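Student: Listed below, chain by chain, are the residues.
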Amino acid sequence: MTAPVYNFAYLDEQTKRMIRRAILKAIAIPGYQVPFASREMPMPYGWGTGGVQVTAAILGPQDVLKVIDQGSDDTTNAVSIRKFFTRTAGVRTTTATLEATVIQTRHRVPETALNENQVLVYQVPIPEPLRFLEPRETETRRMHALSEYGLMHVKLYEDIARHGHIATAYAYPVQVDSRYVMDPSPIPKFDNPKLSNCAALQLFGAGREKRIYAIPPYTRVTSLDFDDHPFEPYRHDASCELCNATESYLDEVITDDEGHRMFVCSDTDFCEQRRAAGHGPVAARPQAEAAHD
Amino acid sequence: MSGIDKENDLPLLIAEGLTKHYGRQLGCRDASFELYEGEVMAVVGESGSGKTTLLQMLSTQIEPSAGRVLYRMRDGAVQDLWTMSEPARRFLLRTDWGYVHQDPQMGLRMGVSAGGNVGERLMAVGNRHYGNIRATAADWLGRVEIPQNRIDDTPRTYSGGMRQRLQIARNLVTAPRLIFMDEPTGGLDVSVQARLLDLLRRIVSEMRIAAIVVTHDLAVARLLSNRIMVMKGGEVIEAGLTDQVLDDPHQPYTQLLVSSILPA
Ligand SMILES: Nc1ncnc2c1ncn2[C@@H]1O[C@H](COP(=O)(O)OP(=O)(O)OP(=O)(O)O)[C@@H](O)[C@H]1O
Ligand SMILES: [Mg+2]
Ligand SMILES: [Zn+2]
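Just so you know, the protein sequences line up as chains A and B, in that order.
For the first sequence, the numbering used here assigns the number 83 to the initial residue and increments by one for each residue that follows.
For the second sequence, the numbering used here assigns the number 189 to the initial residue and increments by one for each residue that follows.
No wet-lab data here; the hints were simulated from the structure.
All of these numbers come straight from a predicted model, not from anything done at the bench.
Cβ atoms here follow ideal geometry from the backbone N, Cα and C, with glycine treated the same way.
Keep in mind that a hint or two might mislead.
[Stated by the list, open to error] Some but not every residue of chain A turned toward chain B, in silico, with C-beta under 10 Å:
# : residue
1 : 228
2 : 231
3 : 232
[What the hints assert, rightly or not] Here are some chain A residues pointing at chain B (derived, C-beta under 10 Å):
# : residue
4 : 226
5 : 230
6 : 234
7 : 240
I would like the entire structure built from these sequences, with the hints used as guidance.
Tutor: Below, the structure is given as structure tokens:
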């Protein structure tokens, strides 16, 4: 084999320093979108190049990396990003949330509570929460600068007018530390409460849009709403058919050709840990079969 | 006209020597006047005479090359608009003022429902009760004669006249004390214009709103305004009570305008 042609974690040190400066600024101004000189990465934009660059900039040789995509460690996207860092940084990887020091994620926050030694890196497609109603960048910047956030409520108003309730289910807007309104990336709104007062540092990277933002540990994050239409996290009213969890976010999966469906935890590590700890389906399986596993 | 008591009131707005150069091109020179609460002033003149330039300087959309605008806030304090902080100025713009554009697409969010368009200002000043916002929006649609069952439709589905009335409702929902209008009836059919003018006249007098209305149309000026300023080549050449100026114009240019010899 030839010697690796990459620097540690692919990016050169100067680029990493530039990204770290952006990250530090983002931490200093919670929720504020810091522009950075996003680099070309050896993968398409839709694959989370913003998150990959943030991860590359913060990763050290001792770190243990977990990569999840919609809660799963096994999708093509998660596997290839994990491989990328194994190859370019040689870091250890894991699927266990509690073992990881850096977790890069797309579309979910792990169910397991994070701790102070962990960093959660989100992949962000569209960082600007005001974009939907105000396409002019100069104007959205001014709105952030002056805390003019009435427009965010216009979006929620439209939701209620159209659907009778706030139908926004993903990328539900939040306000960080009573100041900047922020797009939490397309996580389900079920995950929004986990952003608040979280022990781990949360970093958000948008590659195509060249923005980094952050939620420092133990920062208050509130989901926008109306007094008479308060924010409500949503999950299917069911329990996981594999581990019987009643508090986790569930995916509805098709199990066979006849279109049978079942609910299972979207966070596969969480589900596996529960099963390993002896949790199982409600309808208790026969003793023999259980012992067989 | 009635309702204006200049003896006891202080002016709401004072323009002093407002001047704007676009490079070497003069936009407006040395415009000065006072506007009182509840007073409607028309600005007339031919195309290129500086009407929009003046309106935009007054409403802080463009910075004057010289001169200043003083405004009496709700608490009575008189402020120089260009020395105010930007947040304070923008707050004023969306609470105490309104701006009705000739082109409703400039003044509306075309992709947002009528209710959302009217409710935006309420939400901008911190109203967080959906039911109240919607009820207020519905009430305002009624006041500008838009059927309330159109509240969830976007202005894309509205006629030109309805859009203009929606723009007015969107501006008036915070009960501003001053409203700027640039050719509010421009581009509308004559019958639609007449209905809009009636509505404007009624609302402005009911709410005692001061207004500055730019128009090409002397009939609009006569119907809506107490006072009139005639502009030509960037300067105010004649000003006074609307009826007096239109019935007995002193400047030859105004005489030509009134006798409809010039296309206003
Ligand atoms: N952005 C600009 N750059 C350069 N010159 C301008 C600009 N805006 C206006 N002017 C010039 O300033 C003068 C006054 O223009 P303004 O738009 O104020 O006239 P107006 O009375 O509103 O005309 P109209 O009735 O056609 O709307 C004109 O000579 C115009 O060409
Ligand atoms: Mg004009
Ligand atoms: Zn499960």
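Student: Checking each numbered hint in turn, tell me which of them this model violates, lowest number first.
Tutor: 4
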